[in-house]
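Given the coordinates of chain L, work out where chain S should sit on it, guided by the hints.
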Amino acid sequence: MIEVQSLNKSFVNRSKTKSKDKDTREEGKWFHALRDVSFSVPTGSILGLLGPNGAGKTTFMRVLSTALKPTSGTIQVDGVDIAKDPLSVRRRIGFLSGNTGLYGRLTPREMIRYYGTLHGLDKAQLNQTMTLLFDRLEINAFADKRNDHLSAGMKQKVNIARTLIHNPEVIIFDEPTTGLDVKAAEQILRLVEELKTEGRTILFSTHHMHEVERLTDQIVLLNMGTVHFNGNLAQMREKGGDVLLDKAFLNLIGEGERHVA
Amino acid sequence: MLLNISTIFVKEMRELLKDRRTLVLMIVLPTVVLPLLMFLIISMTKKATEKSATEKVTYVLVGEQNCPDLALAFSQNESFEKVDAQPTENLADLVTNDICKLVVSIPEGAQSDLETGKDTKVVLYFNNASATSRVERRAENVISEFSESIRDGRLIALGFDTSTQRQQLLEPVKAESRSTADLREILGERIGGMLPYFFIIFCFLGSLYPAIDLGAGEKERGTLETLLLTPVPRLHVVLGKFFVVFSTGLISSLMTVASLGVSIMYFGKEAEGVAKQILSSVQTIDLVMILVMLIPIAALFASILLSISIYGKSFKEAQSLATPLNFLCIIPAVLAMVPGVQLDWVWALVPITNVALAIKELAKGTIDYSMLWVILGSSTLIASGFLFFCTQWFQRESVLFRE
Numbered sequence: 545m546i547e548v549q550s551l552n553k554s555f556v557n558r559s560k561t562k563s564k565d566k567d568t569r570e571e572g573k574w575f576h577a578l579r580d581v582s583f584s585v586p587t588g589s590i591l592g593l594l595g596p597n598g599a600g601k602t603t604f605m606r607v608l609s610t611a612l613k614p615t616s617g618t619i620q621v622d623g624v625d626i627a628k629d630p631l632s633v634r635r636r637i638g639f640l641s642g643n644t645g646l647y648g649r650l651t652p653r654e655m656i657r658y659y660g661t662l663h664g665l666d667k668a669q670l671n672q673t674m675t676l677l678f679d680r681l682e683i684n685a686f687a688d689k690r691n692d693h694l695s696a697g698m699k700q701k702v703n704i705a706r707t708l709i710h711n712p713e714v715i716i717f718d719e720p721t722t723g724l725d726v727k728a729a730e731q732i733l734r735l736v737e738e739l740k741t742e743g744r745t746i747l748f749s750t751h752h753m754h755e756v757e758r759l760t761d762q763i764v765l766l767n768m769g770t771v772h773f774n775g776n777l778a779q780m781r782e783k784g785g786d787v788l789l790d791k792a793f794l795n796l797i798g799e800g801e802r803h804v805a
Numbered sequence: 046m047l048l049n050i051s052t053i054f055v056k057e058m059r060e061l062l063k064d065r066r067t068l069v070l071m072i073v074l075p076t077v078v079l080p081l082l083m084f085l086i087i088s089m090t091k092k093a094t095e096k097s098a099t100e101k102v103t104y105v106l107v108g109e110q111n112c113p114d115l116a117l118a119f120s121q122n123e124s125f126e127k128v129d130a131q132p133t134e135n136l137a138d139l140v141t142n143d144i145c146k147l148v149v150s151i152p153e154g155a156q157s158d159l160e161t162g163k164d165t166k167v168v169l170y171f172n173n174a175s176a177t178s179r180v181e182r183r184a185e186n187v188i189s190e191f192s193e194s195i196r197d198g199r200l201i202a203l204g205f206d207t208s209t210q211r212q213q214l215l216e217p218v219k220a221e222s223r224s225t226a227d228l229r230e231i232l233g234e235r236i237g238g239m240l241p242y243f244f245i246i247f248c249f250l251g252s253l254y255p256a257i258d259l260g261a262g263e264k265e266r267g268t269l270e271t272l273l274l275t276p277v278p279r280l281h282v283v284l285g286k287f288f289v290v291f292s293t294g295l296i297s298s299l300m301t302v303a304s305l306g307v308s309i310m311y312f313g314k315e316a317e318g319v320a321k322q323i324l325s326s327v328q329t330i331d332l333v334m335i336l337v338m339l340i341p342i343a344a345l346f347a348s349i350l351l352s353i354s355i356y357g358k359s360f361k362e363a364q365s366l367a368t369p370l371n372f373l374c375i376i377p378a379v380l381a382m383v384p385g386v387q388l389d390w391v392w393a394l395v396p397i398t399n400v401a402l403a404i405k406e407l408a409k410g411t412i413d414y415s416m417l418w419v420i421l422g423s424s425t426l427i428a429s430g431f432l433f434f435c436t437q438w439f440q441r442e443s444v445l446f447r448e
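Line by line, the protein sequences give chains L and S.
Numbering follows the numbering used here, in which position 185 of the first sequence is assigned residue number 729; successive positions increment by one, without gaps.
Numbering follows the numbering used here, in which position 347 of the second sequence is assigned residue number 392; successive positions increment by one, without gaps.
One should not assume that every hint holds.
[Stated by the list, open to error] One-sided and incomplete, this derived list gives chain L residues near chain S with beta-carbon spacing under 10 Å:
1. PHE583
2. SER584
3. GLY588
4. ARG606
5. SER609
6. SER632
7. ILE637
8. LEU640
9. LEU646
10. THR707
11. GLN731
12. LEU733
13. ARG734
14. LEU735
Hint data in this document are derived by calculation from the structure and do not stem from the laboratory.
Remember, predicted model here, so these are calculated numbers, not experimental data.
The C-beta atom is built at its ideal place from N, Cα and C for all residues, glycine as well.
For reference, chain L alone in the conformation it holds in the complex:
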């Protein structure tokens, strides 16, 4: 369960934009990247986090994953406040991004062992989990090759193993299929479905509407740092005024822009 309440995140504004091009989120020396964001994600469901580039998705995921601290408001992961006990939250969360790199000079085995140890797994637990994950993700064939010699698909599998090594209850996927071919992308989507059936809570950010249609139970649309829509697929189509999700999304963004203006 993820519970977001009145979340705000502001940064010191370092951009030198001219007043006519000014983003409405800029206010004096501050840039309000997230403003009054509230929603919840029930345990065992998939939430699709949508929004155009610069909407605040990455900032939100960084706050949720405890990389950034909220300026105000709270996020609770299974009842644990991310600001009060970030280490405990990190034990519960897995994070996979499409552009997360690997340690090129290490092998998948060395790298996963490293993350497992940092997550506090003992040797026996680590060996057992690694065996299961490597079998499930078919990593064994290249487990001892250097990461920088692997294909994009293989690298993403290693990244998934890194994300799952500590058996997280909540998993954040940030555009996980970026740069992957159809086969590799399909494997990721199947994995997300499997993880859902295992009862994990998933936050899935993407720009591909077919992935949203296939996977998500609930959608949150962020625009200009605020929540512009929170509901299911049917509600999104209805509110967006189109059965095609792409068009509904664009209409909602338009509505969002009109709303901000």
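Positioned in the frame of chain L, the structure of chain S alone reads:
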């Protein structure tokens, strides 16, 4: 805490040791450069000195008829070889055009002036730019011997028959110099200032690449964020990384000092004369003390470089920000070579320069060991300050997620 730090340390070291650039900068360069430099200096100096000592000095004599006795003195000296060449308007041209190494110009009437008790002036043209050139000294020796024979003849004519009488007349007061500085101290003062530069620069170079790789490199590869999402406090992350950079700097220093030690052992046997005397006077304890001095320097470099690296958005940016820090090595080393800058209680508090001065004193064999504690203390304090800054810097979102 220790488990986290050691896990990060082991992983980072394992990764770094698989990288050729790190190995070259951390191990190969420091191991090879000093012995190679020492070998080149010793063998080339030896060769040049031998050549200069045995090589005949070619000379052109202008105005030979003006003083046949002096001409004879040159022709009888086996280290000179006469060259027949037409005197040019500017006699120095004979030397600059490589026709001869020395031109001896004897003025008109020189012989008759000497015979009538007057003096004369012989002009010598040569090029003494080379440190190993002995042309000037050899020519002056010939003229000096010739001059002394004439002087002795005149003194004998005045009734000073014995050489003792002549000595007492010419040099009634003699000075006998007894310097307290031994050869090691004298040469240590002159060339000992260069040593710290090598130690400090290799310590810096050994830390530079790992620091950039562990900070900005991780950011660029997108692995830093995943590391920050592990249940490891950021203090542990930064300390793990700090110890890696600190160790690589220290390993570079160790390699430099060890290669110096091996070179001293090897060249100490091979070298002759002065070089042998100096090399054999350097003790193992001196080398150990040099290494101890470099420990806080390695910590200082590691903290500063890691702070810069973590600020950089990319490997390239961090590299361009860190490279000017080369001056951190050059300026203190140059300061240690400036005449008048000596290790005292004030300089002992100036970071890096204090270590450079201490290494110079160790090379000279004149170190005040109580001063070493002050240097170690002040350097450790400053390095700790920078490390504290680095740990605080590493907590800042604006640094870690700078865009």
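The hints, checked one at a time:
{"no.": "1", "hint": "PHE583", "in the structure": "violated (21 Å)"}
{"no.": "2", "hint": "SER584", "in the structure": "violated (22 Å)"}
{"no.": "3", "hint": "GLY588", "in the structure": "violated (22 Å)"}
{"no.": "4", "hint": "ARG606", "in the structure": "holds (7 Å)"}
{"no.": "5", "hint": "SER609", "in the structure": "holds (5 Å)"}
{"no.": "6", "hint": "SER632", "in the structure": "holds (7 Å)"}
{"no.": "7", "hint": "ILE637", "in the structure": "holds (7 Å)"}
{"no.": "8", "hint": "LEU640", "in the structure": "holds (9 Å)"}
{"no.": "9", "hint": "LEU646", "in the structure": "holds (7 Å)"}
{"no.": "10", "hint": "THR707", "in the structure": "holds (8 Å)"}
{"no.": "11", "hint": "GLN731", "in the structure": "violated (20 Å)"}
{"no.": "12", "hint": "LEU733", "in the structure": "violated (21 Å)"}
{"no.": "13", "hint": "ARG734", "in the structure": "violated (23 Å)"}
{"no.": "14", "hint": "LEU735", "in the structure": "violated (18 Å)"}
Checked against the numbered hints above, the structure breaks hints 1, 2, 3, 11, 12, 13, 14 and satisfies the rest.
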